[in-house]
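*Asks:* Sequence:
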Amino acid sequence: MSFTDKDLIKLRRYTNDVGKKLFDDDELMSILEDHSDVNQAASTVWAIRAGSLETEIESYSVGQETYHTTKLKDKLEHALKMVQHYSHLGHGEGGGDTGFIFNVKRPDVM
Numbered sequence: 001m002s003f004t005d006k007d008l009i010k011l012r013r014y015t016n017d018v019g020k021k022l023f024d025d026d027e028l029m030s031i032l033e034d035h036s037d038v039n040q041a042a043s044t045v046w047a048i049r050a051g052s053l054e055t056e057i058e059s060y061s062v063g064q065e066t067y068h069t070t071k072l073k074d075k076l077e078h079a080l081k082m083v084q085h086y087s088h089l090g091h092g093e094g095g096g097d098t099g100f101i102f103n104v105k106r107p108d109v110m
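Note that the working numbering has the sequence shown beginning at 1, numbered continuously upward.
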């Protein structure tokens with residue numbers, strides 16, 4: 001299937017990468033070309049994002065101030081829900097079977 005710039009924009013919207021911070025256009029177009037529709041591609045992008053969460057931090061301190069971000073568990077749970085959501089949508093649009101293998105490593109904290 002041939003994808004257009006509109007499909008690329010749609011994929012960025014579906015994967016919360018509108019600011020082009022996570023993937024460049026060539027990477028996303030390559031993912032699109034590996035799938036039969038945008039929803040299946042979005043499912044793959046969310047799986048990639050879930051696998052990359054191990055490098056993120058939950059909190060940090062500057063002087064006596066401590067800053068907390070969203071817990072890694074919650075981020076992973078959200079990303080995996082998005083994988084399921086877009087995978088389901090992709091199958092509904094005539095897509096084929098997809099599968100994901102990724103490894104999540106517990107961060108070494110203290």
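Read the hints as simulated data drawn from the structure, not as lab findings. Some clues are possibly wrong.
Straight-line C-alpha distance at most 30 Å; calculated DSS-like pairs for lysine-lysine [stated by the list, open to error]:
id	residue 1	residue 2
1	71	81
2	75	20
3	81	105
4	10	20
5	6	71
Quick list of the computed label-pair ranges, beta carbon to beta carbon [unchecked claim]:
id	residue 1	residue 2	range
6	5	52	42 to 52 Å
7	74	27	35 to 45 Å
8	102	13	22 to 32 Å
9	60	81	33 to 43 Å
10	36	71	28 to 38 Å
11	66	13	31 to 41 Å
12	5	84	41 to 51 Å
Quick caveat, the model's predicted, so the values are computed rather than measured. Glycine included, each C-beta is placed from N, C-alpha and C at the ideal position.
*Asks:* None of the hints should be skipped; say for each whether it holds.
*Replies:* How the hints compare with the structure:
no. : hint                    : in the structure
1   : 71 with 81              : 16 Å, holds
2   : 75 with 20              : 19 Å, holds
3   : 81 with 105             : 18 Å, holds
4   : 10 with 20              : 12 Å, holds
5   : 6 with 71               : 33 Å, violated
6   : 5 with 52: 42 to 52 Å   : 25 Å, violated
7   : 74 with 27: 35 to 45 Å  : 26 Å, violated
8   : 102 with 13: 22 to 32 Å : 23 Å, holds
9   : 60 with 81: 33 to 43 Å  : 26 Å, violated
10  : 36 with 71: 28 to 38 Å  : 35 Å, holds
11  : 66 with 13: 31 to 41 Å  : 34 Å, holds
12  : 5 with 84: 41 to 51 Å   : 28 Å, violated
Consistency note: the structure conflicts with the earlier hints numbered 5, 6, 7, 9, 12.
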